[in-house]
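Those protein sequences? They're chains A and B, same order as listed. Counting in the working numbering, the first sequence runs from 806 upward without gaps. Counting in the working numbering, the second sequence runs from 44 upward without gaps.
I should point out that these hints are in silico values taken from the structure, not numbers from a laboratory. Note that the coordinates shown come from a computational prediction; the quantities given were computed from them, not determined experimentally. Note that the Cβ used here is the ideal one computed from N, Cα and C, for glycine as well. Careful: at least some of the hints might be erroneous.
Claimed, not checked - Stretch by stretch, here's where chain A covers chain B in the computed footprint (C-beta under 8 Å, at least three residues): (1) 59-69; (2) 119-131.
As the list claims (entries may be wrong) - What follows is a list of derived Cβ distance ranges for each label pair: (3) A:Ser-917 x B:Glu-111: 38 to 44 Å; (4) A:Pro-823 x B:Pro-51: 40 to 46 Å; (5) A:Glu-871 x B:Glu-114: 26 to 32 Å; (6) A:Asn-860 x B:Ser-50: 23 to 29 Å; (7) B:Asn-94 x A:Glu-820: 26 to 32 Å; (8) B:Pro-51 x A:Asn-873: 39 to 45 Å; (9) B:Glu-114 x A:Ser-865: 48 to 54 Å; (10) B:Thr-159 x A:Arg-915: 31 to 37 Å.
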Amino acid sequence: AQSVAQPEDQVNVAEGNPLTVKCTYSVSGNPYLFWYVQYPNRGLQFLLKYITGDNLVKGSYGFEAEFNKSQTSFHLKKPSALVSDSALYFCAVSAPYSSASKIIFGSGTRLSIRP
Amino acid sequence: GAGVSQSPRYKVAKRGQDVALRCDPISGHVSLFWYQQALGQGPEFLTYFQNEAQLDKSGLPSDRFFAERPEGSVSTLKIQRTQQEDSAVYLCASSLLARSGTGNTEAFFGQGTRLTVV
């Protein structure tokens with residue numbers, strides 16, 4: 806069965822510092838991996854995805870994520886945090902070539918950027 | 044339309060009442076997903092359609108929950124005899140992804156319907 810773990814409920818970073826939001830996954834076969842962001846009273850917005858190819862993927866708002874197959878991880882990163890990055894972040898996984906094509910989400914990490 | 048549209052945005056139901064939540068996916072999107080999201084939590088998978096076929100309903104919490112997508116486009120999530128524990132935001136998402144293929148594989152989400160059962 807597919808699963809996603811986001812081990813940190815909250816991450817606090819000073820503005821201008823680099824940030825990392827952690828994600829590990831479990832899936833049979835090759836995974837599709839995603840990061841979404843949710844602002845208060847808003848729907849989930851797609852940030853970036855890993856399908857195949859280069860392990861480092863770049864997405865919206867300066868975010869990037871690194872796929873590490875041996876560690877089954879897909880951590881979200883940004884070199885320099887902005888206060889406006891404060892939001893709830895979700896990692897997600899699917900296995901579209903298996904019978905489990907559904908997208909499964911982690912429990913979320915609240916990112917707080919202090920000025 | 045330009046995005047996934049859900050209606051109503053807010054619904055207050057009395058305990059025991061039946062409710063129907065509507066989702067209009069992005070035109071041409073093959074896959075449609077329903078999720079339930081409690082406050083501050085991650086979306087929990089409910090059910091998945093590929094066109095009109097409901098391929099996975101393993102996340103539906105009870106037989107009071109029923110979803111359909113009869114023409115492979117608009118979908119309705121119905122909850123019968125609502126209970127207080129059904130209070131949550133119900134999210135609909137659609138994607139181009141079929142069982143195989145690449146391209147636009149990410150899911151696009153609607154704003155959700157906030158259901159409050161009193």
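(message) Can you tell me whether the CB distance of Pro-823 (chain A) to Pro-51 (chain B) sits inside 40 to 46 Å?
(response) Cβ of Pro-823 (chain A) to Cβ of Pro-51 (chain B): about 42 Å, so the range 40 to 46 Å holds.
(request) Starting from the range 39 to 45 Å, see whether the pair Pro-51 (chain B) and Asn-873 (chain A) falls in it by beta-carbon distance. (result) holds (42 Å)
(request) Report holds or violated for chain A covering the region 59-69 of chain B, Cβ cut-off 8 Å, minimum 3 residues. (result) violated (count 0)
(message) Is 26 to 32 Å respected by the C-beta to C-beta distance linking Glu-871 (chain A) and Glu-114 (chain B)?
(response) Given range 26 to 32 Å: violated, Cβ gap about 41 Å.
(request) Take a look at whether the Cβ-Cβ distance between Ser-917 (chain A) and Glu-111 (chain B) falls inside 38 to 44 Å. (result) holds (41 Å)
(message) Can you confirm whether chain A covers the region 119-131 of chain B, using C-beta to C-beta distances below 8 Å and requiring at least three such residues?
(response) violated (count 0)
(request) Starting from the range 48 to 54 Å, see whether the pair Glu-114 (chain B) and Ser-865 (chain A) falls in it by beta-carbon distance. (result) Given about 33 Å between the Cβ atoms, the range is violated.
(request) Look at the Cβ atoms of Thr-159 (chain B) and Arg-915 (chain A) and judge whether their distance stays inside 31 to 37 Å. (result) Given a distance of about 23 Å, which is not inside 31 to 37 Å, the answer is violated.
(message) Just to be sure I understand the hint, the distance between the Cβ atoms of Asn-860 (chain A) and Ser-50 (chain B) should be within 23 to 29 Å; is that true here?
(response) Roughly 41 Å apart at Cβ, these two residues miss the hinted range, so it is violated.
(request) Take the C-beta atom of Asn-94 (chain B) and the C-beta atom of Glu-820 (chain A), compute their distance, and say whether it sits inside 26 to 32 Å. (result) violated (46 Å)
Violated hints for the displayed structure, listed by number in ascending order: 1, 2, 5, 6, 7, 9 and 10.
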